[in-house]
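**Student:** So you can see what is in the structure, the chains are spelled out below.
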Amino acid sequence: MAFWDENAETLPRDKLEELQVKRLKDTVARCRKTIFYGNRLKDVDESRFSKPEDVALLPFTTKNDLRMNYDFGLVTVPRDEIVRMHSSSGTTGKATVIFHTRRDIETWSDLVARCIVMTGANKADVFQNIISYGMFTGGLGLHYGAEKVGMLTIPSGVGNTKRQIQLMKDFNTTVFHATPSYILYVSEVMVQEGYDPKEFDLRIGFVGAEPHSEQTRQRIEDIYDIGAFNSYGMSELNGPGVAFECEEKNGMHFWEDQYLLEVVDPRTGEKLAPGEEGELVVTTLGREAMPIIRYRTGDLARIVDDGDKCACGRTHVRISRIKGRCDDMLIVRGVNLYPSQIEDVLMSFPEVATNYQILMEREGALDSLTVKVELYPKMFDGDLRKLKKLESDITKSIQEEIVVRPKVEFHEPGSLPRTEGKAVRVIDTRGEM
Amino acid sequence: MVKQINVFSEDQPGKLDRITGVLADANVNILAVKISSDEEYGVFQFLVDDPEKGFRAFKQAGITVSLKDVLTVGVENKPGSLHHMLDTLRKDNIDIEDCHGFVAGREKKGIIVLEVSDPAAARRILEQHGYSLIGSSEL
Ligand SMILES: [Zn+2]
Numbered sequence: 001m002a003f004w005d006e007n008a009e010t011l012p013r014d015k016l017e018e019l020q021v022k023r024l025k026d027t028v029a030r031c032r033k034t035i036f037y038g039n040r041l042k043d044v045d046e047s048r049f050s051k052p053e054d055v056a057l058l059p060f061t062t063k064n065d066l067r068m069n070y071d072f073g074l075v076t077v078p079r080d081e082i083v084r085m086h087s088s089s090g091t092t093g094k095a096t097v098i099f100h101t102r103r104d105i106e107t108w109s110d111l112v113a114r115c116i117v118m119t120g121a122n123k124a125d126v127f128q129n130i131i132s133y134g135m136f137t138g139g140l141g142l143h144y145g146a147e148k149v150g151m152l153t154i155p156s157g158v159g160n161t162k163r164q165i166q167l168m169k170d171f172n173t174t175v176f177h178a179t180p181s182y183i184l185y186v187s188e189v190m191v192q193e194g195y196d197p198k199e200f201d202l203r204i205g206f207v208g209a210e211p212h213s214e215q216t217r218q219r220i221e222d223i224y225d226i227g228a229f230n231s232y233g234m235s236e237l238n239g240p241g242v243a244f245e246c247e248e249k250n251g252m253h254f255w256e257d258q259y260l261l262e263v264v265d266p267r268t269g270e271k272l273a274p275g276e277e278g279e280l281v282v283t284t285l286g287r288e289a290m291p292i293i294r295y296r297t298g299d300l301a302r303i304v305d306d307g308d309k310c311a312c313g314r315t316h317v318r319i320s321r322i323k324g325r326c327d328d329m330l331i332v333r334g335v336n337l338y339p340s341q342i343e344d345v346l347m348s349f350p351e352v353a354t355n356y357q358i359l360m361e362r363e364g365a366l367d368s369l370t371v372k373v374e375l376y377p378k379m380f381d382g383d384l385r386k387l388k389k390l391e392s393d394i395t396k397s398i399q400e401e402i403v404v405r406p407k408v409e410f411h412e413p414g415s416l417p418r419t420e421g422k423a424v425r426v427i428d429t430r431g432e433m
Numbered sequence: 001m002v003k004q005i006n007v008f009s010e011d012q013p014g015k016l017d018r019i020t021g022v023l024a025d026a027n028v029n030i031l032a033v034k035i036s037s038d039e040e041y042g043v044f045q046f047l048v049d050d051p052e053k054g055f056r057a058f059k060q061a062g063i064t065v066s067l068k069d070v071l072t073v074g075v076e077n078k079p080g081s082l083h084h085m086l087d088t089l090r091k092d093n094i095d096i097e098d099c100h101g102f103v104a105g106r107e108k109k110g111i112i113v114l115e116v117s118d119p120a121a122a123r124r125i126l127e128q129h130g131y132s133l134i135g136s137s138e139l
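Chains as they are written, first to last, in our numbering: chain X, 1 to 433; chain G, 1 to 139.
I should point out that these hints are in silico values taken from the structure, not numbers from a laboratory.
Be a bit skeptical, because a hint or two may be false.
[Stated by the list, open to error] Within a straight-line C-alpha distance of at most 25 angstroms, the following computed DMTMM-like cross-link-like pairs (lysine to aspartate or glutamate) qualify:
no., chain 1, residue 1, chain 2, residue 2
1, X, K388, G, D38
2, X, K386, G, D38
3, G, K3, G, D25
4, G, K53, X, E193
5, X, K388, G, D17
[What the hints assert, rightly or not] With the Cβ distance kept under 10 angstroms, some of the chain X side facing chain G (calculated, not the full set):
no., residue
6, Q192
7, D196
8, I223
9, L375
10, P377
11, F380
12, D381
13, L387
14, K388
15, K389
16, S392
17, F410
18, P413
As the structure is a prediction and not an experimental result, all values here were calculated from the model.
Quick reminder that beta carbons are idealized off the backbone N, C-alpha and C, glycines included.
With the hints as extra help, turn the sequences into a complete structure.
**Tutor:** Right, here's the structure in full:
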């Protein structure tokens, strides 16, 4: 079992919590240097903090707070100490920007290196980083971590799929990083080009930037004959490297020495009981340039294991897959549901391809839910009755999962729109009246 | 065994055109076609002179296609002949999954295209009962 930083990764719980309290105090003190936090933390006496849970005495920070403090409002270091800026992928309103000192970049890269080594990858691997570079943190985040580990790192970015395949072939890529939708698309192109996705040297995939289901992971693993590992992060918390799966693949270890995690009810902000699903709220514990207190991530998950030592030996808590974003939640005919629930069902049917779309419309007074799926060409045997049966099976399974009865539509492979970055899967026209 | 090309298609204007266009461009001759569909999608079944070539052409055009073994059985062009033939198979527990027919040749012979649960057994039974199975070269 390999570790990048064995001491930090296996720190006994009491020592880990002690460290969290100390770093939390430092973070609060540092935040006071900004006008925003200076005002907000006026009545807080962090010297009395004795346990990590005391973080709940602090106010939340929202995405909107970050926007309001555009551009340097939350920076706690002199301007010339800053070496990097990233921006979140938010498409609405003002962008949010995050700044890093040289030490921040080092810390972040170390966390990513922990993640990489935790999956069994090492410096002998050839790593193809098939994800957007630029302001998006997925590219450079993994890139720096991979170089730190010592892997041959190919910054191939996203797109130009045939060239991606050529690179994999020519340089014997063994590890990739990609979004689930794009890496599945790459496998389709491989087949079109006459390759078997299993014939490459790939052995490990880092899959992230989009919430995805266990079924999707299994599909990626089967198609490529690799181990696929789930990755969690967001630009506000540096980017990738916040939590990652170990070889046990039973939840993602959340690096608690650098991030203080809470799970709260997204409506009330109240702390939830251990194991309950809610919104992740995170406080950075080591960031210099731009520390953030109790950030409302908008991501929904639950703690899988609270301090029990994982078989891998790491003591940091594990979180479940991200079920979706609080704002991804769809309400159809009064029922709350998440796209990931529908994806789970679809991916359990081998007859359907990996691309799908969820369409919500208003028909009179009623919401209608249509799930468009592409057929998987290899499974088509030309029998209309089998298609009808498949349609009703999928409809039934989705209804069992989400209560609402959807209309399932089959489409030709490749006919549903797809994007090379994050896939746009949900279309809601109900507001457009 | 004769092979039939089955093609999946969304039910949209121009789709049939696109599909028949593929066969025309590949210079594949259609002997018989059956279209089964509902409002949203359908399946086209083509009996053609060169199924392998047609199949490849569809694949290259990115169309969802499969090649299926079928039986092509000659029947007399008179009342009751189809019923008799299907009855023969039913008695031996052969499931008919799909069936369509056309009339061919100067003698106006009926040709029935059958998809069945067990093609090999169906073939044996039909031959035992004196039906003539038409090979791909004769079509
Ligand atoms: Zn573990």
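**Student:** All hints are to be evaluated individually against the structure, with a verdict given for each.
**Tutor:** These are the hints, each one checked on the structure:
1. Taken as a hint, the K388/X and D38/G pair is honoured in the structure, with Cα atoms around 10 angstroms apart against an allowance of 25 angstroms.
2. For the hint pairing K386/X with D38/G, the CA-to-CA distance comes to about 14 angstroms; that is within 25 angstroms, so the pair holds.
3. With a CA separation close to 20 angstroms, the supplied pair K3/G and D25/G stays within the 25 angstroms bound.
4. In summary, the hint linking K53/G to E193/X is supported, as the alpha carbons are separated by about 19 angstroms, within the 25 angstroms threshold.
5. At roughly 24 angstroms between alpha-carbon atoms, K388/X and D17/G fall within 25 angstroms of each other, so this suggested pair holds.
6. Taking 10 angstroms as the C-beta contact cut-off toward chain G, the hint placing Q192/X at the interface holds, the least distance being around 8 angstroms.
7. Because the beta carbon of D196/X sits about 16 angstroms from the nearest beta carbon in chain G, more than 10 angstroms, this interface hint is broken.
8. Hint on I223/X is violated. Least Cβ distance to chain G is approximately 19 angstroms, over the 10 angstroms limit.
9. Below 10 angstroms, beta-carbon pairs count as interface contacts, and L375/X has one with chain G at about 6 angstroms; its hint therefore holds.
10. Below 10 angstroms, beta-carbon pairs count as interface contacts, and P377/X has one with chain G at about 5 angstroms; its hint therefore holds.
11. The criterion of a C-beta within 10 angstroms of any C-beta in chain G is met by F380/X, whose closest approach is roughly 5 angstroms, and the hint holds.
12. With its C-beta approaching chain G no nearer than about 5 angstroms, D381/X sits inside the 10 angstroms limit, and its interface hint holds.
13. With its C-beta approaching chain G no nearer than about 7 angstroms, L387/X sits inside the 10 angstroms limit, and its interface hint holds.
14. Hint status for K388/X: holds, given a least beta-carbon distance of 8 angstroms to chain G, under 10 angstroms.
15. Evaluation of the K389/X hint against chain G yields a violated restraint, the C-beta minimum of about 13 angstroms exceeding 10 angstroms.
16. Against a cut-off of 10 angstroms between C-beta atoms, the interface hint on S392/X is violated, since the closest Cβ of chain G lies about 12 angstroms away.
17. Checking F410/X against chain G by beta carbon gives a least distance of about 5 angstroms; that is within 10 angstroms, so the hint holds.
18. For P413/X, the interface hint holds, since its Cβ comes within 10 angstroms of a Cβ in chain G; the closest pair sits about 6 angstroms apart.
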